[in-house]
Amino acid sequence: MAAEPTAHQLIAKHRPTLDQALETIRTRAYWSPHPEHPKAYGEGDSLSLPEGKAAFDALQGTRFDLDQPGTDDWVGGEVSPYGPELGITYPHPDIDTLLPAMRAGMRAWRDAGAEVRAVVCLEILSRISARTHEFAHAVMHTSGQAFMMAFQAGGPHAQDRGLEAVAYAYAEQARTPDAAEWTKPQGKRDPIALNKRFTPVARGISLMIGCNTFPTWNGYPGLFASLATGNPVLVKPHPRAVLPLALTVRIAREVLADAGFDPNLVCLAVERPGEGIAKTLAVRPEIKLIDYTGSTAFGDWLEANARQAQVYTEKAGVNTVVVESTDNYKGMLANLAFSLSLYSGQMCTTPQNLLIPRDGIETDAGPKSYDDVVSDLAASVSGLLGDDARANGVLGALVNPDVKARLEAAAGLGEVALPSREITNPDFPDAVVRTPVIIKLDGAKPDAEAAYLSECFGPVSFAVAVDSAADAVELLRRTVRDKGAMTVGAYTTSEEISAAVEETCLEECAQLSLNLTGGVYVNQTAAFSDFHGSGGNPAANAALCDGAFVANRFRVVEIRKDA
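What the sequence shown shows, in the numbering used here, is residues 120 to 682, in sequence order.
Hints were generated in silico from the structure; no laboratory data involved.
Note that CB positions come from ideal geometry on N, CA and C, so glycine has one too.
In silico DSS-like cross-links for lysine-lysine, where the CA-CA straight-line distance does not exceed 25 Å:
#1 K307 - K680
#2 K158 - K132
#3 K680 - K315
#4 K315 - K303
#5 K487 - K449
#6 K680 - K303
#7 K564 - K487
#8 K172 - K158
The following label-pair restraints were derived from C-beta to C-beta distances:
#9 R226 - T543: 55 to 61 Å
#10 D649 - E614: 20 to 26 Å
#11 E527 - W420: 27 to 33 Å
#12 P404 - P154: 42 to 48 Å
#13 K564 - E527: 21 to 27 Å
#14 G637 - K132: 36 to 42 Å
#15 D601 - T543: 38 to 44 Å
#16 E170 - T125: 24 to 30 Å
#17 P486 - E615: 17 to 23 Å
#18 R509 - R391: 39 to 45 Å
All chains, please: the whole structure from these sequences, using the hints.
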């Protein structure tokens, strides 16, 4: 049996990685310690790599015991968007028993210091990384992502975001020294001398409310930011996407125990059907931090009602792309087509509104009318998804019936430029797979405005005809200000229009991507370099990840004595 790692051993093992992460968030350069390719984690066919697939299969139909206190029932009910029932049951918490137990280990975790907390978090991430194939299947069969996307976004990219949060958390805690000798001259009298000690002190229990679509990618920043700053973390998964976060909690508890800390610093709270346990937990006095990704309605409720907690929300917005001109028409169409199609548009960063001047645009392929641009984009999407095998790999499956209902209703909102079609997945015949729909709308008509200024989450995009580029910029401004946006895109060869879009995004606090025509897409962000959201518009009140995301998760307590 392997010996339990000491703090010294964990520092020796993980301090170089932490140092590289600290350097990378400073330079914003490319770096990742987690390989993106499945073959880096083992031999064989990536989809059926024996170890990961076997581990996932072995979990189905079992009781997922975590040996955490206060279990009063066993609950479950996850059904894969690809069809199969997972049949896994999880511990249901007696909150009055669980929350006090979570606080019991806080003192030792606080006294360990920022560096030890950071390397323990890195050991958790290291053990998660070693099981990336297992996590990929768990994410795939709870979110509906296609396997490769589940592998990358649910595995290495999520792990990068967790590590990024640890780096920011450590940097903010290390900003203040552990101790200082303070001396104040007093002229002819003896100087005043004090010894001062500064200790980062956690706020309290942190509640992480998981989402259905990206349980690990969206969950890890808050989880690791809170844990690294000394707070116990209670993980409340989305009821349709429990398994990836349950695996995370199990590994975190094992690492904490191995390192000599109370495993109850990380616990799981799974709800009964319709219980709404997140609302109950969110207003408990023990809960001092909340991380949430999901609907605007519940995010707004948390911000208004969880008054005892510091609340970090990523909600929703209306993501917009201004299409004014381009010097790479073919590249623009291909880039937009992939952005609209990836994971069936079920990303908080997927473009929804494409603002196109009704008189058309200038391109390297000659002038293109509004109708040309829309029909050419529709053809590009159709070409990308024309082969069903390729389409399944790009689209994945619709995550829930609500997305399917919105997709079907979209055809009644305007002229259909690209109808959605049904695709069969031969490996999972029960999966609901649909290609995107593109709807043409006249931006000057009030009934159209009601459609394009409402979020339509899923594979639905609106090609909005506007009077001019200036009108497009003004509509962009109004959209971000009133509805929020996680992403903004623009295509223009005009320095004047480019400057106007940039200024709009600076003033309204939205992340902008200009003239993307290659292998980087508006709906993708890279940890350590790109900020996900800004925290400055209605789509989210926090950014992943910056100093503000971690600094308010702890306070510094000073103890001073006469020298």
